[in-house]
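> Residue strings, one per chain:
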Amino acid sequence: MGFLIDRRNNPKQKSAVNRQRFLRRYREQIQRSVADNLKGRQITDNDRGEQISIPTKDIGEPQFHHGRGGQITHVVPGNEEYTRGDRIPRPQGGGGGGGGQQGSPDGEGMDDFVFQINQQEFLDALFDDMELPNLTKRQLSGLEEFQRRRGGFASDGAPANLSIVRSLRSATARRIALGAGRRRELRDLEAELAELAEMPQTPEHDARRAELLERIEVLREALSRIPFLDDVDIRYHRHYNEPVPHSKAVMFCVMDVSGSMDQATKDLAKRFYILLYLFLSRNYDRTELVFIRHHTVAKEVDEEEFFNSRETGGTVVSSALDLMKSIIEARYSPAEWNIYGAQASDGDNWPDDAQRCTALIRQILPLCQYYAYVEITESGDKPLWQTYSGLEGEWGEVFAMQHITGPGDIYPVFHELFRKQSA
Amino acid sequence: MAEHPKREPPKREPLSTESDWTFELLQDYEREIARIAGNFGLDTYPNQIEIISSEQMMDAYASAAMPINYHHWSFGKHFLGVQNNYKRGRMGLAYEIVFNSNPCIAYLMEENTLTMQALVIAHASYGHNSFFKNNYLFRTWTDAESIIDYMLFARNYIAECEQRHGIDAVEDVLDACHALMNHGVDRYKRPYPLSVEEERLKREEREVILQQQVNELWKTLPVAEAEAQQHEHRFPEEPQENILYFLEKNAPLLEPWQREIIRIVRKVSQYLYPQRQTKVMNEGWACFWHFHILHEMYREGLVTDGFMMEFLQYHTAVVYQPPFNSPYYSGINPYTLGYGMMQELRRISESPTDEDRAWFPDIAGTPWQETMDFAMRNFKDESFILQFLSPRLIRELKLFAVVDDQDKDYLEVSAIHDEAGYQKVRESLSANYDLGNIEPYIQVYNVNVRGDRALTLRHEMHRGRPLEQGSAEEVVRHLQQLWGFDVILESVSGGEVKSRIVHSELGIGA
Chain A
10 MGFLIDRRNN
20 PKQKSAVNRQ
30 RFLRRYREQI
40 QRSVADNLKG
50 RQITDNDRGE
60 QISIPTKDIG
70 EPQFHHGRGG
80 QITHVVPGNE
90 EYTRGDRIPR
100 PQGGGGGGGG
110 QQGSPDGEGM
120 DDFVFQINQQ
130 EFLDALFDDM
140 ELPNLTKRQL
150 SGLEEFQRRR
160 GGFASDGAPA
170 NLSIVRSLRS
180 ATARRIALGA
190 GRRRELRDLE
200 AELAELAEMP
210 QTPEHDARRA
220 ELLERIEVLR
230 EALSRIPFLD
240 DVDIRYHRHY
250 NEPVPHSKAV
260 MFCVMDVSGS
270 MDQATKDLAK
280 RFYILLYLFL
290 SRNYDRTELV
300 FIRHHTVAKE
310 VDEEEFFNSR
320 ETGGTVVSSA
330 LDLMKSIIEA
340 RYSPAEWNIY
350 GAQASDGDNW
360 PDDAQRCTAL
370 IRQILPLCQY
380 YAYVEITESG
390 DKPLWQTYSG
400 LEGEWGEVFA
410 MQHITGPGDI
420 YPVFHELFRK
430 QSA
Chain B
5 MAEHPKREPP
15 KREPLSTESD
25 WTFELLQDYE
35 REIARIAGNF
45 GLDTYPNQIE
55 IISSEQMMDA
65 YASAAMPINY
75 HHWSFGKHFL
85 GVQNNYKRGR
95 MGLAYEIVFN
105 SNPCIAYLME
115 ENTLTMQALV
125 IAHASYGHNS
135 FFKNNYLFRT
145 WTDAESIIDY
155 MLFARNYIAE
165 CEQRHGIDAV
175 EDVLDACHAL
185 MNHGVDRYKR
195 PYPLSVEEER
205 LKREEREVIL
215 QQQVNELWKT
225 LPVAEAEAQQ
235 HEHRFPEEPQ
245 ENILYFLEKN
255 APLLEPWQRE
265 IIRIVRKVSQ
275 YLYPQRQTKV
285 MNEGWACFWH
295 FHILHEMYRE
305 GLVTDGFMME
315 FLQYHTAVVY
325 QPPFNSPYYS
335 GINPYTLGYG
345 MMQELRRISE
355 SPTDEDRAWF
365 PDIAGTPWQE
375 TMDFAMRNFK
385 DESFILQFLS
395 PRLIRELKLF
405 AVVDDQDKDY
415 LEVSAIHDEA
425 GYQKVRESLS
435 ANYDLGNIEP
445 YIQVYNVNVR
455 GDRALTLRHE
465 MHRGRPLEQG
475 SAEEVVRHLQ
485 QLWGFDVILE
495 SVSGGEVKSR
505 IVHSELGIGA
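Top line first, the protein sequences correspond to chains A and B.
For the first sequence, this note's numbering begins at 10 and goes up steadily by one.
For the second sequence, this note's numbering begins at 5 and goes up steadily by one.
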């Protein structure tokens, strides 16, 4: 007779630790696979997991096996044609006929080991060895989130918060303080009474004893009226709301949408922005986005319009920088916000604008945690690249720029921009 | 097949007519199966039957079917592999997993139909269970009473080591031990049942003593002695086949906790060893009994015709043997072979032919239950096949033996299912189930105690078969890590060293 047990509601993730161990051990291979896969990923895919494949030979668990060679006798079922002494040409490639199955395990081992990781693990692998280059500002952002903390005692509060120890302690103190004088008198009188008891009985002594007894009675009565616990003794645990510091980041996406930027180029830019956004949201509690697109004039738009609408015309980069600067001044105080700028462009700019650009970017950089410029271009240095190229030396901590030519470059470039700096 | 002309019990009402199971129904079926199994004389541990979901089944797969196991990345890898294949529909999961412990734990998948649940209860909880309890290998080498306690100890101990010495350090030792797991089996000493607490005390005691012993071993003053004398005193005096045991006791540089981990892996390996040696018998025995128990239920009227049709469909799928030239062929199906041999044993006992009387004079015409009980208790795959594979089954499966000599560019058929071939086929098949042939035979041969402490292992080549070079080098690398000094692996054939892998701290040489 057996017991039946329903285990279906037991925790399912019994292998979770082992799985984590596996991911930990093969972190490098997984990262490589993630980086490879990123090329083929759709822009909108970033909220799902990823299929990882690792060459099987890399994750093998070695054991002693027999190799090829020597003599083996196989016993095989399903004989239809052979008799003793028949010779069969050796089947090629291990599989198929006459029983290669037991002989060599080398038929396997060429395939990749394939498995799924979830979004969190994907992002972990993606951003594993990257960091935000500058210190983050943590700011008390006002009345957003509080944490209840214990802080001392109060004389009023909810009954649930009553502090018994504190209440009784102050009750004791009060009782000692209020009764001290009377108790001292009582002790003296009792001593005198005891003395009287020793002495011979005289009318004076009797009168004095009666007086003493009366006074003692009064004092005892008074002492007994001191309350054990009074309203003023009661103490409560005090709690207060402590504001929780939050780190906030704002990310400015600046993109050139002039006629020279075609849809493919914009897609590349978008991928870069998405990576940056994912990365920032992992590091900050709150991340806001500001989209600025520009041709000859700049405009703040929403995400939809930013990526999708088409414009034509020339390019004046300074208009976007100007707008960014005024938005920072109006809405994002650098004391409170971590400001990140990401600019994507094909590198075109009006030649006359270079001067103004340089001046503006020099005003913006001190406000920013980091400003990255990616130039999406097939050919060599464009005007904007030249405009910015002086900045890297001077503002190396805050400013970086990179070339992107195709989708495959995005992750390496991103990786380069946010590489962990060894201190 | 199962005929009982004499005894025809009165028909009863079927236990159920639908195909979905409920706990009440499973209870009813289990009770009836237990009764019938008892009538057949099956002796089992108490049963603990657990219903689990597919995800839990994958968890069970991943931890080597142990209800409790320590953490290791290789289990995670296994889990991910199974999960991926299952989700893509490339593989199905087992209907059940049974674990050799007392009480005997069987996991049943919730997706199974009622028929399947009845089948696997009969198969696992009565078939496998009675095999675990009575087969001599299991009786000698495993202790069903204490295994769960031991695994609990092992998991806690390894977790403790990870906290104290870091995950990487523990992982290095476990990786090395897993590589040598198949060579960590002790064939003679019997493990001893211990509770968790006793195990802990013993461990602490052992740590101290082990370290003392090791210090003693290496406390040799460098006395100049004749070369010849070195050869006389070999260490170990006899070659040792349990490599992990040898390392646990003798590796000079290991910390006590590392020795304990080696011991844990060795114990687990030892525990699983009988299962690897009795695959055919164990499955054959379980299939034989689910077949007869469910037929008995049908005879009594407890199950319907529909139930039996469904059951027979599962049963035939399980015991189907594709021929060698079929695309589905992947070696001999242990279920087919085992089930076929068990059925043959019963047939030979009950209604032997002249051929059977000639081949099996001892068992022809004896009471079948006694014969089968004897066979189940006292054999392992290798000896079971050598003893009981009948000519009729060889004909049925059309078995033939092919010699594959790597020096020749053809294969030669050495025996087929005819009078001249039966014995040869039987011997060859038996040899294929001898773990000593399947796995390379490697022993600890010598330690250069007075010199550089190099450890020499010898691989006795079986019929000239070499080691697979790549994986052997990897394993030797792990071995070197545990031993701490140079390790030499020699492949020997006819007393002559054919090849050699040397691993020093500096790397692989040849």
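Since the hints were derived computationally from the structure, they do not count as laboratory data.
Treat the hints with care, as some may be off.
What the hints assert, rightly or not - Quick list of in silico lysine-lysine cross-link-like pairs, DSSO-like style, CA-CA up to 27 Å:
(1) B:271 <-> B:253
(2) B:402 <-> B:428
(3) A:21 <-> B:91
(4) A:334 <-> A:279
(5) B:271 <-> B:283
(6) A:308 <-> A:279
(7) A:66 <-> B:428
(8) B:91 <-> A:23
(9) B:206 <-> B:253
(10) A:308 <-> A:334
(11) A:391 <-> A:257
(12) A:23 <-> B:402
> Next step is simple, just say for each hint if it's right about the structure.
Against the structure, the hints come out as follows:
| no. | hint | in the structure |
| --- | --- | --- |
| 1 | B:271 <-> B:253 | holds (14 Å) |
| 2 | B:402 <-> B:428 | holds (14 Å) |
| 3 | A:21 <-> B:91 | holds (16 Å) |
| 4 | A:334 <-> A:279 | holds (22 Å) |
| 5 | B:271 <-> B:283 | holds (20 Å) |
| 6 | A:308 <-> A:279 | holds (17 Å) |
| 7 | A:66 <-> B:428 | violated (38 Å) |
| 8 | B:91 <-> A:23 | holds (18 Å) |
| 9 | B:206 <-> B:253 | holds (15 Å) |
| 10 | A:308 <-> A:334 | holds (13 Å) |
| 11 | A:391 <-> A:257 | violated (34 Å) |
| 12 | A:23 <-> B:402 | violated (45 Å) |
Of the numbered hints listed earlier, those contradicted by the structure are 7, 11 and 12.
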